[in-house]
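4 protein chains.
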Amino acid sequence: MKGSDFIQILLRSYGINKIYGVLGREAASISFNADYSQDFILVRNELTAGLAAIGASRLTGQPQACFSTLGPGVTHMATAIGTACQDRDPVLFFTAQLETQATDYNNAHQCIDAVSVSRPITKYSSEPTTLEQLAVAVDRAFSKMLTYPLGPALISLPIDLLDMPVSDANIAKWLSPESKPVKPTASAAYTTAIDYNIQKACDLLATSKNPIIIVGDTVTKSPDAMSIKHSLEKINMPVITTYSAKGLLPRDHSLYLGVINSYLDVILEEFIQKDIFETVDTVFLLGYDMTEHYPNAWNHGERKKIISLNYFDNETSKSFIPDIKITGDIQAVLQKISEKIESRAVIHEDMVRVHDKILNALDKFMDEEPHKDSLSIPQIIKTLNTLFGPYDYIVANDIGTHRHVTATFFAPQAPHHYLTSAGFSSYGTGIGIAIGAAFARPDKR
Amino acid sequence: MKGSDFIQILLRSYGINKIYGVLGREAASISFNADYSQDFILVRNELTAGLAAIGASRLTGQPQACFSTLGPGVTHMATAIGTACQDRDPVLFFTAQLETQATDYNNAHQCIDAVSVSRPITKYSSEPTTLEQLAVAVDRAFSKMLTYPLGPALISLPIDLLDMPVSDANIAKWLSPESKPVKPTASAAYTTAIDYNIQKACDLLATSKNPIIIVGDTVTKSPDAMSIKHSLEKINMPVITTYSAKGLLPRDHSLYLGVINSYLDVILEEFIQKDIFETVDTVFLLGYDMTEHYPNAWNHGERKKIISLNYFDNETSKSFIPDIKITGDIQAVLQKISEKIESRAVIHEDMVRVHDKILNALDKFMDEEPHKDSLSIPQIIKTLNTLFGPYDYIVANDIGTHRHVTATFFAPQAPHHYLTSAGFSSYGTGIGIAIGAAFARPDKR
Amino acid sequence: MKGSDFIQILLRSYGINKIYGVLGREAASISFNADYSQDFILVRNELTAGLAAIGASRLTGQPQACFSTLGPGVTHMATAIGTACQDRDPVLFFTAQLETQATDYNNAHQCIDAVSVSRPITKYSSEPTTLEQLAVAVDRAFSKMLTYPLGPALISLPIDLLDMPVSDANIAKWLSPESKPVKPTASAAYTTAIDYNIQKACDLLATSKNPIIIVGDTVTKSPDAMSIKHSLEKINMPVITTYSAKGLLPRDHSLYLGVINSYLDVILEEFIQKDIFETVDTVFLLGYDMTEHYPNAWNHGERKKIISLNYFDNETSKSFIPDIKITGDIQAVLQKISEKIESRAVIHEDMVRVHDKILNALDKFMDEEPHKDSLSIPQIIKTLNTLFGPYDYIVANDIGTHRHVTATFFAPQAPHHYLTSAGFSSYGTGIGIAIGAAFARPDKR
Amino acid sequence: MKGSDFIQILLRSYGINKIYGVLGREAASISFNADYSQDFILVRNELTAGLAAIGASRLTGQPQACFSTLGPGVTHMATAIGTACQDRDPVLFFTAQLETQATDYNNAHQCIDAVSVSRPITKYSSEPTTLEQLAVAVDRAFSKMLTYPLGPALISLPIDLLDMPVSDANIAKWLSPESKPVKPTASAAYTTAIDYNIQKACDLLATSKNPIIIVGDTVTKSPDAMSIKHSLEKINMPVITTYSAKGLLPRDHSLYLGVINSYLDVILEEFIQKDIFETVDTVFLLGYDMTEHYPNAWNHGERKKIISLNYFDNETSKSFIPDIKITGDIQAVLQKISEKIESRAVIHEDMVRVHDKILNALDKFMDEEPHKDSLSIPQIIKTLNTLFGPYDYIVANDIGTHRHVTATFFAPQAPHHYLTSAGFSSYGTGIGIAIGAAFARPDKR
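Residue numbers (the working numbering), protein chains in the order written: chain R, 1 to 445; chain Y, 1 to 445; chain D, 1 to 445; chain S, 1 to 445.
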């Protein structure tokens, strides 16, 4: 058995059953043998390989892997790496590298320092020079990718490793034991401070008049998303989500307030976001990530009290100094809070009114007469609803004005049915993500 | 009020009440006003400043801060930064930097890129250029320092910031809210995997014949150290510690097996470590950190099953592939384990025998006749025991053969009464650490 | 006047009269006013912007500039940066960045650390935060770009700089004086060693039986290319070039031996490269750069003596240890050599024979009957020769097998009429380079 | 033969005949065999090793090497590396590293990423993993160290390399050919621009009324220092030097104006520096390096025209925008200038007056009556002059007020008889530098 087989077996043990990629010269050394219960999905270019892995990761909730050739392969992947970085997708990018002894950055043909280039936009980046180091690098990559905030890793793979022989004994030794993480890791918590902070959060929520919960994609990417939703219902406060967290509540849910969307009031020709954010007095951020929306998008109008609960230390920045910061297991903390505070009997009347206003405004545009030659985005969504069942299909959205319009009207019934790059927001990412989505959920449209 | 006051107030709000340091030209701009309940401890050089902060941190269990001048100030501190890095001490290193507009690395007098130099040996490193950025940097520094594995941070401080005016409104805005972390943060846990792994660990412990627990300094640095000790007693398995974790169990404790010490058998002229590690079948690592001892120090003899429980993902390396890895709150997990497994009625007879053998060997050397002109290390310890109460004083130990001998004979009754650099192990660190210890615990010897 | 005007004036003073680019949000702040004798060439995407600047640089022999939006703008440019890095093109890449106070890498929307990402593949990379720093950064960028080996620089431009006011006095102060470099810099020379090494090179050349000169693109990118050609003729040794250096000698030149081309013997169905490199005893490398061809491409067969003359220290690598290394002004050193050695009366007969063999083989393929439906590459070249004059047009070549075939048959009469990425060799670069070439030399085809 | 022998032979071939150092565990693997015409100078600690190499480098004009153990060895050396960086000393720092397969930065005992730590303050930094890579690394280190601005390099040496076997054939292959650089390299020049700039400089010098030449240490470190001095005399303009360049002109030379010294007027109780810099109209910087003195030290008073001539591009900064910048071989350019301009018949009368004023003031302090119990610095110098011949001994000066006083009064008769760290200016560097000086010039005091 040789290195290229070992890589497949190793990745399979972390749950990787598809590798999206493009091969160059290294194709001579790696066969991506289908016997290892692993498919190689050949795509058009390296960017698409990365984006497809991102799309698949969102739909499966699992880390994914992709593969590119050396040199320009790395730079072509750069936009996908940046997307996975800022959209917090656990994708492992493999890139080939010259043979170990020939590697000489910027001084040998097509040889660049892929590790240093990618380090600022990955959670882990390494160029192993033995198969043993490769096994260690893969384990560390998964560990870092699955620690919140989630994100990508890169392994630059000297192609001579692919042809190195490897004994069964070494395979047995280097394969990690079965307790491998294939789920995101939760929550660094301030052990001694956490109960104190939970109590403070409960006190604040109990006394606030018009609170709102903002849910970010960190929640919908968590394996506990559905339990968290359940706790939210118990707490009974209105919920607004980011673009990527869409679908946690369906649009007919009584707590549903749509998405944070700077363009919404313009698109719907009504003051809705303004009504929400200028009147709420307390904002409870749940798994909120600043790459999705800079706080300016909601932190205006009346001075608000802010509680932030997240798996990771959502870094204080100049426009974001929460009054109470809780770093811990979101679901565990939320359950404690839901037990400690009395469930709100009623939603604040302003928010009830806004809830109705949104639904009416959305319907109005979807019910307009079609233009002669073309469908507007609301009308497209209405048509798709008829074809596939209401909001029960997956939309992968590129970047531009149409993104904001689609994000306004499409209201999926579960998370990750609306796929967009909320963080990095690069043009041209929609198709690649859709390709991965199609492979990951062939049953969905 | 100006920047230099703001820095003091800001640090005070994170619990910093002493700053160890050396000032250069920037002394003209910062007064370290004692009105802010903060003492400036002037020491001889920058290395001592850093080491004193390390010593104080170990004894208080709190992060500490130190200050140096620019340029050579940074490089003189390097050994202290490296020590805090590998010994996992949460110490914030401030170094002065040229005025913002004059900064030009390697091209202006005494101006080096302190951030890049220190980045590989800190958990966070930053050079803010406004006071607002400084407030953010300090918050991030504390957050990173207090995330396991603990470690140092560095802030390079352009001296013009010290003279910038700052309004009360900004101070109020930039000071973090009261929920600031001043305790180490616990535990990234694999939410969904953790219960499964706990069960597997219990099964393994239940069936192992001769298990041992190795306790690392991560445990003794945790605010939960005493609860962890309690759980250990409930589980009732023999315990051996690293040098830095000494004192969790006193030497007369029935579970006490001394410290991992490659030189012990030579010093005591008996096979003790060999007897331990060649016979145990299961090793349960608790807060074990590879910088303290490379696994080769204990992972020899019979093939062992290994369980590793730590707050952070104790990275897999080539000589360390645990069978079961649990990343989570050590105390919480340990308590679950102690509830799930039946307490061991008896310690394995081999370990009982070894326990007695150690104590006899130690006493033998301490009871030897003194030489005419000098005391051996065991005799010094015996003398100190008489003067201050048995093992009830603090020893700060430099590096060299005498370190291994002292570590063999000194058996403190509580953690952090034996101070040494187990990780970085630099010559010349004993005195500096002792200075900090003296300031932190003036009541102790 | 504001920052965006200042940038234009500043770049104009370094000879930049075209900026290839794509604008995002920053378009609101920068107008690229045509009054400053500077055109903004809007292209389809950031990659094309970079490639067009590369193409223009090769044809003008001058540094060029391009501009992209922030975040994904940087990653989309990555392949062009890599190309400029390995093909040694002095191109200045501007990328927008968030406002100075909002910049927070990986934590703010579309905000990445463009400087760190690009540093490993540029000669200079910086993110200025004042206009004064910008002026310094631009000066350093040009200085580094124009030092051999030539290459790209990147400036990440916070968009608030564009709107900052700037006084005429400051413009006068910050604009560099007129002695600005706009030509590549020559030659670090070992002052005391150089004469000794020149003598040794002369001795070796005088005694070698069958020497060859390999000319790299560093020569054709030098402002002294034509003088160097003249010295070569005086020395009268056969010359072979790399792909990028094509055209220094036209194909009817008596010293012409074509290009180093691993595929040539297969394409022409004759042993030509093999005949050359297996028989020469001395290789004189002139401006040879390992990114163009790894030495294995020519360093086989008989053990050769190697002389390397370059402007910069052509780094020793594992497959490249020259017997004599001269780092200095290529033209000055070559002239000294041509004065010291007696001109070779005759070319070695083997090389004369090879010269004829190549020309015959090339003609044979160009004279073949056309296929019914399509033209082969040699036939296309033949047709173009008829249309535009023999070899007197510019070919921009993408990557793939057709590149090696085109490189075999197209024999331009001057340097930089054959444009390809010899170093980074990324697919998809041909069109972008051609766009820049068209703007730079509208007179050429 | 094994790796440790190979290292010695390799370094010997670059002229290294002494290695200053401290050994740790790696002492078992490297013997520093004196048979290789190389002495190992054991010093007290790593900082001293580095400083001694610096001292020796200044006196010999040759690169030097030193050696430290791993982990803390690197951080202890940091101040010496910083000094070599900012004082531009070509010193190669070796530090040991764990065995290749055990290396795991911050995760293994005493194992830090020495390459990344040192990169910001070296010209080259590398951790080879084979002996072949080591040979390449050493060659690149020397090449970078000897390119202006000169400076240090670091090689992190995995200790298993020391025991690797190496064949004679490989030694022959890996040893560079004899044309190895052991002298600093000269001058990147703007080929096409340089003559134009030289003419402009001549025009400016011809029309200026009261010009001065400032000579930096780059000149005195050049192998051409004495020829440059000769050209200066031909040009006949008053000369002032930096601290490190002291001695190029002796104090009785008619062009001598002492050193740039911000404290001089205070020490001598006379306006001297003020008289000089407030009246000169043209400053001609020769090998001037901003780490020695920030331009503010001389660029005040009357608006001056500035010409800067240096081997390397003396980077434009915010306080330093020369009117004419010439980057080239200092000696060659200066000779051209001296041929083009007519020698100045007379020195400006102001400067003649200042020259006399300095000498008088200096003598006054040296002739004062000694205090009862102690000698002042001027009196010490006077005494040493008596003992060893006037100013004909070497002074190594630490940092502090006494440095400025000594620099005022000591006037050596040749360069590098006054040794101080003008750039990094770290306390505690005097002794170490003196040790190296003593080894390098045992004949001098």
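Please note that a few of the clues may not be correct.
For lysine-lysine, the following DSBU-like pairs were computed, each having C-alpha atoms within a straight-line distance of at most 35 Å [to be verified]:
1) K144/D <-> K357/S
2) K200/Y <-> K340/R
3) K229/Y <-> K144/R
4) K305/R <-> K173/Y
5) K200/R <-> K144/Y
6) K200/D <-> K304/S
7) K234/R <-> K173/Y
8) K200/Y <-> K364/Y
9) K336/S <-> K229/D
10) K173/S <-> K274/D
11) K173/R <-> K336/Y
12) K304/S <-> K234/D
13) K274/R <-> K173/Y
Every beta carbon over 10 Å from chain D, so not counted as near; a handful from chain Y, in silico [stated by the list, open to error]:
14) Q101
15) T129
16) T130
17) M164
18) N170
19) I171
20) Q335
21) E339
22) N360
23) K382
24) G389
25) P390
26) D392
27) T406
Just so you know, the hints here were simulated from the structure itself, not pulled from any lab data.
Virtual Cβ for every residue (Gly too), placed ideally from N, Cα, C.
Hint check:
no., hint, verdict
1, K144/D <-> K357/S, "violated, 44 Å"
2, K200/Y <-> K340/R, "holds, 33 Å"
3, K229/Y <-> K144/R, "holds, 30 Å"
4, K305/R <-> K173/Y, "holds, 13 Å"
5, K200/R <-> K144/Y, "holds, 23 Å"
6, K200/D <-> K304/S, "violated, 47 Å"
7, K234/R <-> K173/Y, "holds, 34 Å"
8, K200/Y <-> K364/Y, "violated, 43 Å"
9, K336/S <-> K229/D, "holds, 27 Å"
10, K173/S <-> K274/D, "holds, 25 Å"
11, K173/R <-> K336/Y, "holds, 30 Å"
12, K304/S <-> K234/D, "violated, 48 Å"
13, K274/R <-> K173/Y, "holds, 25 Å"
14, Q101, "violated, 7 Å"
15, T129, "violated, 7 Å"
16, T130, "violated, 8 Å"
17, M164, "holds, 15 Å"
18, N170, "holds, 13 Å"
19, I171, "holds, 18 Å"
20, Q335, "holds, 36 Å"
21, E339, "holds, 40 Å"
22, N360, "holds, 58 Å"
23, K382, "holds, 57 Å"
24, G389, "holds, 52 Å"
25, P390, "holds, 53 Å"
26, D392, "holds, 48 Å"
27, T406, "holds, 45 Å"
Going through the hint list in order, the structure does not satisfy hints 1, 6, 8, 12, 14, 15 and 16.
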